[in-house]
Amino acid sequence: MYADYDRIYKFNQEFVSQGESQLVSSTPSSLIPTLIEEIPEVETGTLVFDISIFSSVLIDAGEGNQEEQSFAYADENYFKVFDFKLLSGSPEQVLAEPNQIVLTRSTAERYFGDAGSASGKILKVEGTDFTVSGVMEDFPSNSHMEFDFIASFKSHRHGIEPEWSPSNYYTYVKLKPGTDVVAFQAKVEQIKEKYLGKDLAEYGYKTAFFLQPVSQIHLGDQSLGSIKPGTDIRYLYIFGIVALLLIAIGIINYVNLATAEATERNKEVGLRKAMGAGRGQLFGQFVSESMLLTFGATVLSVLCLYLILPKFSSIGGVPLSMDSLMNPIGIGFMVGLIAIVGLLAGMYPSLILSGMEPIKALAIKTKMGGGAWVRKSLVVFQFFVSIGLLIATFIVKSQLDYMQNVSLGYDREQVVALTYHYNMRNVAETMKSEMLRSGAATSIALAGDMPIHIKAGYKIFPGGDNQREFMITGYSTDEDIVKTLNLAILAGTDLNENDISRAEANESKAIVPIILNESAIKEMGWEPEEAIGKIVNFGFSDARIKAVVSDFYFNSMHENIGPLGIFKDQGNANVMLVKIPSGNPSATLASLEEVWKNFVPERPFNYRFIDQEYAQLYRSEERVGVIFTLFSGIAVFIACMGLFGLVSYVALRRTREISIRKVLGATQKDIVSVLASDFFKLLLVASVLAIGFGLWFSDTWLQSFANKVEFSPMPYILAIMLVLLLAGLTIGYRSWKVFRLNPAKTLKSE
Amino acid sequence: MIELKNLDKYIESRFQRVFILKGIDLTINEGEFITLMGPSGAGKSTLLNILGLLDEDYAGEYLFGDRSIKSMKDRERAALHKSEFGYIFQAYHLIDELTVYENIETPLLYRKVSSSERKSIIADLLDRFNMVAKKDLFPAQLSGGQQQLVGIARAVAGKPRVLLADEPTGNLHSGQAREIMEVFQELHREGTTIIQATHARENADYGTRLIDMLDGKIEKDEAIIHV
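Each protein sequence line maps, in turn, to chains A and B. Quick note on this note's numbering: the first sequence kicks off at 1 and runs consecutively. Quick note on this note's numbering: the second sequence kicks off at 1 and runs consecutively.
If you are wondering where the hints come from, they were derived from the structure by calculation, not from laboratory data. Incorrect hints may appear among the rest.
[Claimed, not checked] The calculated DSBU-like cross-link candidates involving lysine-lysine, where the alpha carbons are at most 35 Å apart (straight line), are:
1. A:Lys737 / B:Lys112
2. A:Lys376 / B:Lys5
3. A:Lys273 / A:Lys376
4. B:Lys5 / A:Lys681
5. A:Lys459 / A:Lys708
6. B:Lys134 / A:Lys669
7. A:Lys534 / A:Lys597
The shape of chain A in the complex, shown without the other chains:
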């Protein structure tokens, strides 16, 4: 963590309009300079402009253009707020002038071979010369920011004059020691009133800037436009609990088998007592046995961890290393764990063993040995956990499958997104017609985002009585978007080349035609047909509703489809969406690339398939699915091992009875059912409990998805069948072995 991190905060912003609030993590560029100047409690503060949200950046260090995705601008205080290590250059100077750029160590090595020689070199950023003013150490993995390049904000056109709108920047503030955060927050509120109060009142909405400690950013809740996708902390808790459950199952195995065997060790206990052992000493002996076992198991698992951790790390998508464990705290934790687990596991059996009286011990003739009730409930618990985990796994998987396959409301197959840059605007139209002519594309549209995640937010005010403002997402695009994505028009007519763009409309104070989706129309209380032709205020400009399209998913499935407005604004485009014909994709892409090279040879030809990008959105849920599968597999395995042990034990005790039954004419089937019936009753109880858990889980976890898979009994049936099958095999195998025993041998006169 950076030094003084407890004094560093990030600003988030909340827009509120008529009761509806929207949370964003970006702020205006005027915020931090104003705070620094007017509030004495501010020691320093910085602004970060993450360009990669909007587009990629072309970097040329003399060997041609490279497209870079991880680029940000920051003001001159950046390295004073965050004490990242600078390998060359000083914190005060590296971002003080325009056209300065800082590289991370890996980036410098990539471009210049080694970090040392990068300093002072010139790079072109989108054709403009920048000087490498410094090289910094790579960002640590637990930082919530990560960039390859940081350029001085003064270099960017928006960095010359600070503004109170738009809110595209991240603001961080470092407070002086001992500052009362609440009082500071109040002062920020006053500043906001002072500079924004008039506008807020005029347009009738509210906004608030509030603080978030940087230490909480990595794991906190997701808010729109965070810099690096944080880790949802809930998943960490869930996995922690599951791991504890697995340990519990293992402990249960030990307890069950140890108590079962307790009766077999009577002779040993009786002898020891005869030789003078006290009850306490016996207790101590048996507990130390379990401690020793636990210790051995821990050593074994640490060794396994060395081997498995890299693989697990890549599955989980989180960088994990043994260092987190092999330090005084980690080792202390392990020692504590050994003590607790060893004690828990050993306590009950040791109590039984040491408390036994010799004669009473001999007299125990129950089917399962002493403590049968405890063992039965523990077995039920084990299988409850296993079946429950399996059910949860299947539910997660079914939701993932559903999300992968559900219709999004637009065509996502056969659509390729090419990275587009503002600087291409002069050749964009010609490129489009060339690509269409070559047959490699059936339809092309420029757009601000890929449709899978449209981020831009605006305010819309329908006008008229009984209407209120609400937040709406805006899609900057051109007249071909509806065709390219195959959106369904419910009313009105599509945009065409004669319609003006929003930029043009703002300049000439004309009315811009827009397309709204169903949700937007519903929000305004209109039917699609009646909305056509109405004038609304969209993002402070007048707009006429030209068409209504049916809803499609432009955000994650965690949320319902919100209102969306589509309008022409090629100036804000970041991608070129190309619908390609079905058939040979590599040939098609080659044709597209050819056209590309003819017009913008200096820009790398990068393409992404929309359906693949969509799949990426749910990477973290995929990971959850994989980890759940692993864990439930382990749980089932452990539970079955325990079952195997118990059945073995019971079969052993009942050898005599089984032989008698064999003499009386029992077939193998009969014997298996004798042994199995007890266990199957327990499994049935466990299944019922697990179903209850499954229902609760699917309710809670699926809640976070606005669009969820329908309820199906399949996960429950599959899980229960699977476990019953495995348990059945375990019991059957063990009984089969007992059955093979020759009754003549086992039934001797007593």
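Position chain B against the provided structure of chain A, taking the given hints into account.
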């Protein structure tokens, strides 16, 4: 009905063969009441086990009727075992967790006898052995003689043709022993073939044939005349 030809059972240990049974030639006709006598280790129990199809590890021929046991498939043997043989042990070997009623019922369950038929068979047996009042008790609550009676009831519930008894009165005092032997006699009169192994001379007197065994061989085989 039963014919044993040149039956051997031995254990191989290093360079020696230890014979448990050697050269047994034995013909048993239906309706006989045979007593096997001899000291411990003579091979009586082993012979009983082989006769009862509980032990398949031997050399030589075993013919039941005119079928050779060795040549039978497992399933045939099991079927034969179920339908023809009943077994009584010295240590009773009742299932402790089951009641008297359930113990007697067990072989009937394995022979897929219908529920109503089971009830009537068991009722008859309980009545015959004067155990009706004890049908819901557990073996631990019965005396030795009563337990053995349950063992016999269980053995004959399936109406076997051959009853094999290994030291049936070994754990009983003389009064109980006499009771048991009288039951055997009754069963014999009803046509059951009985083969018992015993130490007690008195028990032999109830039978029709006496076979003395020593060191795995048949020493003497003579009929007993009853007056």
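Outcome of the hint check:
The straight-line distance between the Cα atoms of Lys737 (chain A) and Lys112 (chain B) is roughly 25 Å, inside the 35 Å bound, and the hint therefore holds. Using a Cα cut-off of 35 Å, the hinted pair Lys376 (chain A) and Lys5 (chain B) is violated, with the two alpha carbons roughly 53 Å apart. The hinted pair formed by Lys273 (chain A) and Lys376 (chain A) meets the criterion: a straight-line CA distance of about 30 Å does not exceed 35 Å. Taking the CA atoms of Lys5 (chain B) and Lys681 (chain A), the gap is about 50 Å. The hint is violated against a cut of 35 Å.
Annotation: proposed proximity of Lys459 (chain A) to Lys708 (chain A) holds, straight-line Cα distance about 29 Å (limit 35 Å). For the proposed pair Lys134 (chain B) and Lys669 (chain A), the alpha carbon gap of about 31 Å is at most 35 Å, so the pair holds. The hinted pair formed by Lys534 (chain A) and Lys597 (chain A) fails the criterion: a straight-line CA distance of about 44 Å is larger than 35 Å.
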